[in-house]
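Protein chains in written order, with my numbering: chain H, 1 to 425; chain D, 1001 to 1322; chain R, 2001 to 2169.
Be careful, since some hints might not be right.
Unchecked claim - Simulated pairs of lysine-lysine, DSS-like, Cα-Cα distance not exceeding 27 Å: (1) H:Lys413 <-> H:Lys399; (2) R:Lys2080 <-> D:Lys1052; (3) D:Lys1053 <-> R:Lys2080; (4) H:Lys156 <-> H:Lys224; (5) D:Lys1082 <-> R:Lys2080; (6) D:Lys1167 <-> D:Lys1231; (7) H:Lys14 <-> H:Lys133; (8) D:Lys1267 <-> D:Lys1297; (9) H:Lys133 <-> H:Lys156.
As the list claims (entries may be wrong) - With the C-beta cut set under 7 Å, the calculated list includes, among others, these residues of chain D facing chain H: (10) Pro1011; (11) Leu1105; (12) Gln1125; (13) Ser1126; (14) Gly1127; (15) Ala1128; (16) His1130; (17) Leu1131; (18) Gly1148; (19) Arg1149; (20) Ser1168; (21) Arg1188; (22) Pro1212; (23) Lys1214; (24) Val1215; (25) Arg1217.
Read the hints as simulated data drawn from the structure, not as lab findings. Where is the CB? At the ideal position from N, CA and C, for every residue including glycine.
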Amino acid sequence: MKTIIRNGRVIDQKNRIDGVMDVFIASGKIAALGTEPPHGFQADREIDATNLIICPGLVDLSARLREPGLEYKATLESEMGAAVAGGVTSLACAPDTDPVLDEPGLVEMLKHRARSLNQAHVYPIGALTRGLKGEWLTEMAELRDAGCVAFSQSDKPLPNTRVMMQAMQYASTFGFGVWLRPQDVYLADGGVAHDGEVATRLGLPAVPVCAETVALSNIILMAKETGAKVHLCRISSAEGVAMIRAARQQGLSITCDVAANHVHLSEMDIGFFDSNCHLVPPLRSLGDRDALRAGLLDDTIDAICSDHAPVDDDAKLLPFAEAEAGATGLELLLPLTLKWAAEMKIPLSAALSRITSGPARILGVEAGHLSPGADADLCIFDPAQYWRVDAAALKSQGKNTPFLGMELEGRVKYTLVSGLVVHEG
Amino acid sequence: MTDVGIMSNNPQLNKNGLLQHLLTTEGLPAPILLNILDTAESFVGVTERDVKKVPLLRGKSIFNLFFEPSTRTRTTFEIAAKRLSADVVNLNIAVSSQSKGETLLDTVDNLSAMHADMFVVRHSQSGAAHLIARHMRPEIHVINAGDGRHAHPTQALLDVFTIRRYKSDFRNLRVAIVGDILHSRVARSQIHALTTLGVPEVRVIAPKTLLPTKVERLGVHVYHEMTQGLKDVDVLMMLRLQNERMLSARLPSTEEYFKYYGLTQEKLALAKHDAIVLHPGPMNRGVEIDSAVADGKQSVILPQVTFGIAVRMAVMSILAGN
Amino acid sequence: MQLPDAEQLLANLIAQVRDDLASSTAIVGIHTGGVWLAERLHQDLGLSLPLGTLDVSFYRDDFGQIGLHPQIRPSDIPFKVEGSHIILVDDVLYTGRTIRAAINELFDYGRPASIRLAALVDRGDRELPIAAQYVGKVLDLPSDKMLALEKNVEGKLSLSLYDRRRDNE
Chain H
1 MKTIIRNGRV IDQKNRIDGV MDVFIASGKI AALGTEPPHG FQADREIDAT NLIICPGLVD
61 LSARLREPGL EYKATLESEM GAAVAGGVTS LACAPDTDPV LDEPGLVEML KHRARSLNQA
121 HVYPIGALTR GLKGEWLTEM AELRDAGCVA FSQSDKPLPN TRVMMQAMQY ASTFGFGVWL
181 RPQDVYLADG GVAHDGEVAT RLGLPAVPVC AETVALSNII LMAKETGAKV HLCRISSAEG
241 VAMIRAARQQ GLSITCDVAA NHVHLSEMDI GFFDSNCHLV PPLRSLGDRD ALRAGLLDDT
301 IDAICSDHAP VDDDAKLLPF AEAEAGATGL ELLLPLTLKW AAEMKIPLSA ALSRITSGPA
361 RILGVEAGHL SPGADADLCI FDPAQYWRVD AAALKSQGKN TPFLGMELEG RVKYTLVSGL
421 VVHEG
Chain D
1001 MTDVGIMSNN PQLNKNGLLQ HLLTTEGLPA PILLNILDTA ESFVGVTERD VKKVPLLRGK
1061 SIFNLFFEPS TRTRTTFEIA AKRLSADVVN LNIAVSSQSK GETLLDTVDN LSAMHADMFV
1121 VRHSQSGAAH LIARHMRPEI HVINAGDGRH AHPTQALLDV FTIRRYKSDF RNLRVAIVGD
1181 ILHSRVARSQ IHALTTLGVP EVRVIAPKTL LPTKVERLGV HVYHEMTQGL KDVDVLMMLR
1241 LQNERMLSAR LPSTEEYFKY YGLTQEKLAL AKHDAIVLHP GPMNRGVEID SAVADGKQSV
1301 ILPQVTFGIA VRMAVMSILA GN
Chain R
2001 MQLPDAEQLL ANLIAQVRDD LASSTAIVGI HTGGVWLAER LHQDLGLSLP LGTLDVSFYR
2061 DDFGQIGLHP QIRPSDIPFK VEGSHIILVD DVLYTGRTIR AAINELFDYG RPASIRLAAL
2121 VDRGDRELPI AAQYVGKVLD LPSDKMLALE KNVEGKLSLS LYDRRRDNE
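Go ahead and model the full structure; you've got the sequences and the hints to work with.
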């Protein structure tokens, strides 16, 4: 099968490419970029990408597919469909399924199920501790052999610092990545909104910024001590960004990501108890949001992720604190990144790297670029098309997002995985 | 998105700008608050007659939906509704359907199918009344009788009604709210009502563990000591200290709290000589207030209860007519 | 249309009422115009029982259509209604619905020995079986007109005619 994608604007930050050209695909790989086809190239399919942008398929560091165990919220089929509809061709999925991804058999099953769907590449993140209970380490090496690319506690607490330290030591023995969302369990206990003006006004139990920074300080100190490859998930505060920036300047090789919602929203968006804005970590102040944007600009923050967490309607139609946290995100990752780029007036190539090559590097997988010979995972989108975020427009089973009812710019037209068109919009 | 904001439309007002629901005192224009207070004045007269009843809401059904037990508040709403000739149904949901797994909105749907005209809602979660109001058919009215830590607008309205009865003009008052501001829906609603009605200086007095972050953004002056905070105050609004606060690490003991923040005659003497003392009840005597003050001549705590019925009658009749 | 002088009509009304006074007669005015008239009656007749005022908003039969009146004044009946002889005073007697509401409200204060009605103008077109015992003048007016009593800064009363869509009755 050979495909030619004609006349699109190809953007590949890693290879410093930004220009209108054709993309030639053969046997699932990128054969060539440019105007001249490789010798003897006979296309079976031709895609006209005039006025469209061709970029590497998006890489998402956090997508909850809700399998196994939580199929009432979403299924692997629905969420894999949502991924490619959003241009996502590689995704990491969190271990907070039911049962938890803490046994090789479960990981193999998930990999197998995902592979049979023939859509995005799925990279499971294994549980760092058994049952995510924060007490005993999982069989990390076995889990790696089964397909896990890193280990995390997801949103579950790890209050015992000794267990955290030993988990880092053990993981670093094998060079495994440890992904942690910094949150002090006691300081965050019961909180559902940023400890600021809005929580005070609405009387919502609050999560102070120090819930993030105290935990962050522990993690940074232990990463330094153990030499573990630590990735920090879902940074939410200005102070947190500053601490990571400082740690990096001291030469510590930690990476971090931010959720797309947090790049745009603040506590103010909760309005009158909009449970779609009940997110973890909480949306913080406008100052925090601006610091996150600045952190992305100066490379303190490596990646934007969708933090995709589909929630069924019933679980959102509850008073704010009782509503389940999370938002659907796979289909909003691209438009929200484009929105950030437009608002900050930064080049598209730099913006797209935060959802392609940046996260691919953290994941440690061959993705996020269009080098000849690489897997032909592509996202082809219309940067000027507006679309309305509503239940009908979303493939994900979760229709919950703070952007519900809003118009966003940038719509995926084609998604290719290993050279095959898996989505046409 | 943050720049645009979604705060623009007030969920309490209908398309004609009239009060559709009473969910919070925040964001309500002063004329609406004053209209409630003025209407309540007329109901005070009604409650003093031999026949303490008017036929205004004859045939209307008012459902008291209490997801959190509260005999006092429920009773005052019930009396108010009955004095307006409405039919009142009391439901303590805490012990019925919620334990069977029915969701909040299922419960409300079921009840509105029984042709309710108005819901009076008490819930332990902030925002519950907003959720129900948003979900309702437009002809149904919702009164928030207390949601979590968020709001308790009828309590705040009866408080400002009481203040107006004893102090003629809001615009030259100094008011102090004392106690657990952090967990208090009453305090939040009082602050918004007082500032909207033009009280130039609202103070909050509490230890730092009982004050929410950035409380000064609500338009209040923050004090941590009674000696300074009560100086030259016209009105003292005491808050109830919930017993469970003692179990957390917010306070060391009720004895220490009473010593530093409990209202005694001695501390009351720091305020103006004609200052009045309010308390939403039920009181913890010897914790936030001394019996000598609670029963003293500056206390208006019992009149508050009387006025509470008139204020709730006013709110119910204004909503039912809009 | 030439409207009669309200002060003249009031004098007329006072003369009628004076003939019927007893020691236990009480005067009750209905807000707003009725209260102005009742104040004058009370003063000129030198009654011993204090003046009563009624705002019938809580007893109106059109609450379901138009809601609560935006400006309600407290009703004030500062004498014992039980066994009293009451003269109810209103400015314009028309459909009779306001009087119905006022009578109902009075009965919630007690059982009067009698109620009589004094109206400055009776414009007919009754919708309820109600009649006034004392009338300043009977006037025939088109149904799209609203007759209103007004009081100037010196306290002088006058009548004005408005189109009915002016809904500030």
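Checking each numbered hint in turn, tell me which of them this model violates, lowest number first.
Of the numbered hints given earlier, those the structure breaks are 7 and 20, listed in rising order.
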